[in-house]
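With the hints as constraints, model all of the structure from the sequences given.
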Amino acid sequence: MRMRCSGCCGPGSRSQADIRRVARMFRSIFRLSVRPPSVEQEVGAELDFHFATLVDALKQQGLSEAAARVVAEQRFGDVRRTKEELMRIDRSRREGERRIEWWREFAQDVRFAVRGLRRRPAFVATVALTLGLAIGVNSAVFSLVDAILLRPLPGVLAPEELVEFGNTTISYPGYHNFVQDAAPVLDLAGFAQRTLGLAFEGRSQLVRSGIVSGNYFAVLGGRVSLGRPLGPADDAPGAPPVVVVSNGFWARFLGGDARVLGRAIIVDAAPLVVVGIADPAFRGTRLAEPLDLWIPMAAWPIVAPSQFIGLDLGRRGWTWMRAVGRLRPGVARDRAEAVVALSARHQFEAFPKDEQEHRSIKLVPATVTATGLDGRQAVVGFLLVLMMLVTTVLLLACVNVATLLLARALERDREMGIRLAIGAGQGRLVRQLFNESLVLAGLGAAVGIAILFVALRGMSGVNLGGELTLAGLSLRVNGMVLLFTIGVTLVASLGFGLAPAFRSSRVDPVRMLHGGAAGTPSRGRGRSLLLTLQLGLSLLLLIAAGLFGRGLQKALSIDPGFTADNLAMASVNLGLARYDPARATPFFSGALTRVLQVPGVESAAWTSAIPLTPDSDGESYSVVGNPPTADRRPIIELAAVSPGFWRTIGMRIQRGRDFEDPDVEGAPHVVIINEAMAATAFRGQNPLGQRIAFSPDTATVVGIVSTVKQHTLREDPLPQVYIPLAQHVRDFGLSQMTLLVRGRKPGDDQRVLSGISRTLQISDPAIAVFSVGTYADHFRNVLAPQRFGALLFGAFSGLALLVAVIGAYGVVDHLVALRARELGIRIALGAGRNSVIPLVLGGTLKYVAVGVAVGILLAVLLTRLMAAFLYDVSPVDPTTFSLTALGLLAVSAAAAYVPARRAARLDPLKALRQE
Amino acid sequence: MAGANLDLLQGTLDVLVLKALSWGARHGYDVASWIRDTTRDDLSIEDGALYTSLHRMEKRGLVDSAWGLSENNRKAKYYRLTEAGRRELRQSVDRWSTYANAVFRVLRAGIA
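Top to bottom, those sequences are chains U and F. Going by the working numbering, 808 is the number at position 808 of the first sequence; the sequence numbering is gapless. Position in the second sequence counted from 1, then plus 915, gives you the working numbering.
Honestly, the hints are just simulated from the structure, not real lab data. Don't be surprised by glycine CBs; every beta carbon is placed ideally from N, CA and C. Warning: the hint list may mix true and false statements.
Stated by the list, open to error - To be clear about the criterion: a stretch of chain U counts as covered by chain F if any three or more of its residues have a C-beta under 8 Å from a C-beta of chain F, and this derived list gives those stretches: (1) 43-56; (2) 83-90.
Stated by the list, open to error - Calculated pairs, DSS-like style, for lysine-lysine (alpha carbon to alpha carbon, straight line, at most 27 Å): (3) LYS709/U - LYS554/U; (4) LYS934/F - LYS83/U; (5) LYS846/U - LYS990/F; (6) LYS990/F - LYS934/F; (7) LYS745/U - LYS709/U; (8) LYS83/U - LYS59/U; (9) LYS934/F - LYS974/F; (10) LYS990/F - LYS974/F; (11) LYS990/F - LYS59/U; (12) LYS83/U - LYS974/F.
Right under this line is the structure:
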């Protein structure tokens, strides 16, 4: 029984047939995707049906057409608004469905591609790793470049407006002249940097400190996170001595407690009240020497009252400070430079003897001096070479992936032929290959990002020498560079990944299936070009790494002029313990006597200067009786040492005598000079017995010693004057002094360490003992930059070699596979199996030889850029060149041997049938 | 209570529509008529609101739709519950029963 009923009855009354009909309709419609009508049409049709049916129903109840229509609309509500609302909902629904559909198709494509790639795990792993390495190391190196060269002054306001007086140091009176004269063009601040001892709540530490003018924070725009920055009032004569500390130091050493504000910390000899904690990013203007303290210049005489190491605020020509200035709005650098130069000339005319340093002042952007002008060339060069290296890795990776993809494409010619033959459209093939390439590139990017983060983590602990650690840099991932490298690899993999689609579409399926085309491969000119480029780039990287390694080896074998092993050291700062010279003298001699009794100690001595450290104390001098030398007053480096210093450190006294016990305060002043000084300062006269003058008194030369490396291993011999500590306790004894101790036998340097610190503590429990350790550890730090460079280059070259070997193997393997048919015929015709191996090897090594030639050519052209980092090694060092070239040949031969052996074992029948 | 104009919340409307579709596919007119008849028009729901509810739930994936021929041979848009819609209906019925029972208990307290 079937009732015509327009919905007024219960659900049970609907006939089974109806339900089935509707169900069938749903099934067919949901499966078949026809082009849907527009949203407007759909909503319109739906509501038309509603009204038509309702009006019919109402008319059957006896209403007129017009009345029925009115009732229907009343029941509906606001028709126009509802219609709009429905259309809005439907549009957003369709939008969502389209998006879901897109992702579903994408996922399906990816799944399909993954299924295809799954059959070649080695191929996939190789491509992903190669791309990943290139992406990872490029981004990592750029992060380094970014932190060092592009953003070298974190925490400083608008660093591009800041300039420094190049490498020129100026005197304090000179600084005030400059401030005044340059005021219309520059807002100038002054600063100097020193390492000072600091004591707080019974603990002590060495800190890198800035001695700054009152407007330093204002000019740089340096902010504080607590308290206040230093201001002009702090730099006024007689102002209470105050200090601002860096955020890191505050957290590390002062316990991160805000209550430290207003309390005093002891810096060298002086109590300074903490008035501010700097913003975490602000560390001064030297990347390599981030500051932990800022002391106003007015407080400096209180901190360091000694005449030698003090930064004399009143003396003309006593150049110890630097100037940094902000260009006034609209002022160009060269205009400001002209104003500064004029001021310098006026000063020179007024004080011709003293203000000579000022004569050639260049204004250099502070972003440039941030890396240190002396070191800058090295830093920039190093980064440049590093960038070239990783760019080469990127290029090599792209080439490698290209060869791998092309090799795979050739393998697939047959597959593609079959697909074309059974009617697959070219578009379909392109889409499939595109997806495969996309999946490969995606994997590569994922691996690359992982490698990037591992590399950044790994590098962050590295010491770049001095106090420049990568941890101190604000390394961050640069999204643009990451995208760029991923983009480059994507283009490479898509470009070469799609090649087979176009190749294949040109392939005649009939010929392909007959096996003709694949059996006689067209050895593409492009492919051999890629192969030689691949091998050439690999060799270039190997040569670069080899040169760096040899440079490091040579640097390690430089004679520093003293015996670095089996030395221990410990430092004290008596100024921190409020000593005066009268107490310091017995402390030094008493501690020395006690240390010599520690078992394992051969000899010991005090010194104010440890070889191979960046800091030094300088003084201008003249030889008594000689007219002043040409244009400037020579500066020598001063070191105060106790008798026995030479024996302890392993230097020789060439002529004359050591300091002796009678050389004490009150006795005639004596000095010992090194050979470099003897050679330059005395014009061939015998220096012994001559007198040299350095303010305020004169001293007689009593001995000449060998020259040691003072600051770096690569420096030229520097003139040095040694003075007896006993005569200069007042000047040197109250700042940092180091006790050097030589052990009796190897290993004693380690064993005597605890004995040394105990002895110093017994001598006076109130003093702080710093930097107890072996000289060997110090030496390792000195060589850290070279080690880092060698490590980095070594690691990259190792990776490059790996990439190159994998690539070479893949290519050779592929070449052999292409010749399988030919080789099969030869074997079938009776060629000895062993004769096949040299045939294959020879064919391969021909490519390798060309590749090696290309590599050597590239290296000759490019390695000269590394010359600055190669200590005593020629950038075209024949040993390195020949060894690496031979190495690459050997590795390629080994890579070729495996497929060659396989070729020799070919079953000729199989080989022929297969093709 | 008959004839009272109840302020219907969107959620309530959705439950009614889901319930209307629980026996199989229906078009919008059918849904409206069924609800009107079943409630004896006590709730006086505007038809437009029902359509809005249907379209919203289609967007949320609780119902899907297809065009078909109605009993009077006109082209009509049919809706049916999806699996998610069926789940939603079950949960709503539970929620509603609990709520209504609780309210009833409060209102009847002291009367019995």
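Here's how the hints hold up against the structure:
no. : hint                : verdict
1   : 43-56               : holds (count 9)
2   : 83-90               : holds (count 4)
3   : LYS709/U - LYS554/U : holds (16 Å)
4   : LYS934/F - LYS83/U  : holds (24 Å)
5   : LYS846/U - LYS990/F : violated (77 Å)
6   : LYS990/F - LYS934/F : holds (23 Å)
7   : LYS745/U - LYS709/U : holds (24 Å)
8   : LYS83/U - LYS59/U   : holds (24 Å)
9   : LYS934/F - LYS974/F : holds (18 Å)
10  : LYS990/F - LYS974/F : holds (22 Å)
11  : LYS990/F - LYS59/U  : holds (20 Å)
12  : LYS83/U - LYS974/F  : holds (16 Å)
Violated hint: 5 only; the structure is consistent with all others.
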